[in-house]
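Colleague: Okay, here's what each chain looks like letter by letter:
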Amino acid sequence: MSAPLTEQIVHARGLTRDFVVRSGGLRRTKRVVHAVVDLDMDIASGEAVGYIGANGAGKSTTIKMLTGILSPTSGEVTTCGMHPQRERRALAREIGVVFGQRSQLWWDLPLRESYRVLAAIHQLGTDHRHRLEELIEALDLSSFLDTAVRQLSLGQRIRGEIAAALLHSPRLLILDEPTIGLDVLSKERLRGFLVAERRQHGTTLLLTTHDMDDVQRLTDRIVVVDHGRVAYSGDLPGLVQRVGADRVIVVDLEEPTPPLAGIAGTRLLGTEADGLRQRLAFGTSTSAASVLTAVSARASIRDLTIEEPDIEDVVRRLYASQQLD
Amino acid sequence: MGEPTTAARSAVGRLAWWGPYGALVGSRLRAQLAYRRSFVLDMLGSVGVGLIEFAEIYVIFSSVSALGGLDFAAMVLMFGFANVAFSLADLLVGHVDRIPFYLRTGTLDAFLLRPLPVLAQLVTSDVQLRRIGRTLLALVLLVIALVVNPITLTPGTVALLVLTPIAGTAIFSGLFVCAAGLQFWLIEGSEMANAFTYGSSYAAQFPTSIFTLPMRLLFTFVVPAAFTAYLPTLALLGLDGPAGTPAWLGWLTPVAAIGIWAVAMLAWRGGLRHYTGAGS
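Chains A and B are the protein sequences, given in the same order. So the number in the working numbering is just where the residue sits in the first sequence, counting from 1, plus 2. So the number in the working numbering is just where the residue sits in the second sequence, counting from 1, plus 36.
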């Protein structure tokens with residue numbers, strides 16, 4: 003079953019979903035909430051797309067429509083060439099989904115047993131053992147395979163969930179907030195795994211996250227959604243440029259230095275330790291190199307880091323700029 | 037290398053439809069049996085519930101000699117039928133009416149993301165083996181009732197004896213599925229659903245003849261609880277039924293089971309469509 007490389011994994015046109023919210027009390031009122039409005043989305047086979055937006059912007063609702071959990075109020079969507087609801091069971095064999103906040107494993111079963119049941123559910127046959135070995139190795143699951151899921155730490159559980167979603171080698175992997183609540187090291191390991199997994203198997207990835215590093219490390223392209231509508235679609239630098247988000251340069255200096263105020267194109271955010279460490283914000287029209295040149299003219303630099311704009315901040319700016327339009 | 041033989045593959049093919057459910061049920065049973073002591077205590081609790089319900093009937097018969105045209109021996113037979121059917125249904129599908137819980141925990145979404153029918157997953161996801169305690173108690177009472185009641189064993193009565201608990205289990209299971217379907221609409225309606233399932237189980241333990249005619253018709257033709265025990269008891273003992281529900285209806289328990297399952301599937305499909313928003 004070979005498919006052309008440019009095959010569409012997700013194709014959505016005018017996707018819309020309304021919810022009727024009834025509030026109780028003596029005077030019952032009905033209110034229609036537009037969770038997703040007129041959304042177009044295309045994801046080609048092998049792409050990695052970050053799906054970004056504030057809480058309640060419509061991310062989860064979109065995912066539920068793509069996977070056949072919810073049906074759209076209007077508009078159409080095909081996932082892996084299938085109608086998500088009419089062909090729900092066939093589609094389930096082609097996709098793997100992880101909701102970071104909710105477990106799809108059995109809380110009272112050891113992981114090993116969960117995988118046995120999942121293999122039976124997907125009717126994988128004996129060749130799934132090779133795949134399972136591969137996932138156990140890559141996600142480093144072996145030390146807690148025989149522990150009941152309810153006793154796992156969050157990081158262990160998420161790794162277990164991701165292995166469960168990948169066991170049947172889906173063409174599309176959907177991760178909803180996979181790194182939320184993980185420590186820095188666990189996040190980095192998980193990202194490393196996902197990069198390697200995609201390189202090896204060409205799995206298409208749709209990822210929702212609040213973490214800028216997730217977006218940078220894992221995705222080729224982002225879609226920002228605001229109040230159910232697409233607010234931006236393109237790559238991350240393009241978004242940063244569009245909203246003019248500031249990057250921050252942090253310089254560690256050899257000697258205590260007076261505040262580095264007044265450098266062209268920068269804004270001094272603060273100084274620490276008698277001016278040994280200073281933080282300067284600069285916009286997209288200024289280059290890091292020119293800031294560095296200006297700083298080194300006034301003090302000698304021992305070390306430096308550049309902080310990329312925070313995703314929340316970028317999205318907030320994007321939302322704000324759209325309200326002005 | 038590692039290729040399954042043709043024979044093995046065709047065996048797998050024949051069992052393929054059951055494979056996933058076998059694994060699901062098997063994993064549930066292993067998880068429940070992992071803590072032996074708590075399982076035994078739960079099972080004894082289940083026997084206790086059955087004993088208390090039986091004591092109620094015993095107490096009633098300490099002051100009357102017949103209830104609704106049935107003597108104590110006939111009541112034990114009826115109690116046995118009703119309890120075998122209800123406890124087996126409770127064991128197999130009793131958890132399906134916890135829809136609000138499954139919605140809250142996201143379990144239902146997980147079911148929708150697997151390549152199996154949702155109801156089949158729901159049924160096999162939480163089989164409660166501990167409820168077998170009550171089934172065993174009911175079976176013991178049923179055997180005692182067969183000895184103390186004047187039943188002549190003919191092919192007909194034997195067929196009725198075998199058919200009644202099976203069809204009765206199907207009826208109560210159907211009622212549980214109806215309740216599950218309704219709860220997609222009544223998220224806070226578990227009390228109402230309980231009235232439906234546990235209420236009909238309670239009603240099934242008493243001769244429907246003690247109810248007024250409207251109630252009798254309700255528990256016969258709308259919620260077919262009378263079919264699980266009372267009517268087959270009348271048919272087995274050759275007794276006459278009250279007006280509106282003659283004893284020969286006792287032979288129609290399987291028909292009632294098919295009827296309630298038709299309603300149950302409509303309620304379930306409607307409920308699930310309501311949840312996914314595919315128009316209701």
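Read the hints as simulated data drawn from the structure, not as lab findings. Idealized CB from N, CA, C, for every residue including glycine. Among the hints, a few may not be true.
[What the hints assert, rightly or not] Part of the chain A face toward chain B, derived, beta carbon under 8 Å:
1. G83
2. Q87
3. R91
4. E115
5. H124
6. Q125
Colleague: Now, for every hint given, state plainly whether the structure supports it.
Modeller: Hints and how they fare:
{"no.": "1", "hint": "G83", "in the structure": "violated (16 Å)"}
{"no.": "2", "hint": "Q87", "in the structure": "holds (6 Å)"}
{"no.": "3", "hint": "R91", "in the structure": "holds (4 Å)"}
{"no.": "4", "hint": "E115", "in the structure": "holds (6 Å)"}
{"no.": "5", "hint": "H124", "in the structure": "holds (6 Å)"}
{"no.": "6", "hint": "Q125", "in the structure": "holds (6 Å)"}
Checked against the numbered hints listed earlier, the structure breaks hint 1 alone; every other hint is satisfied.
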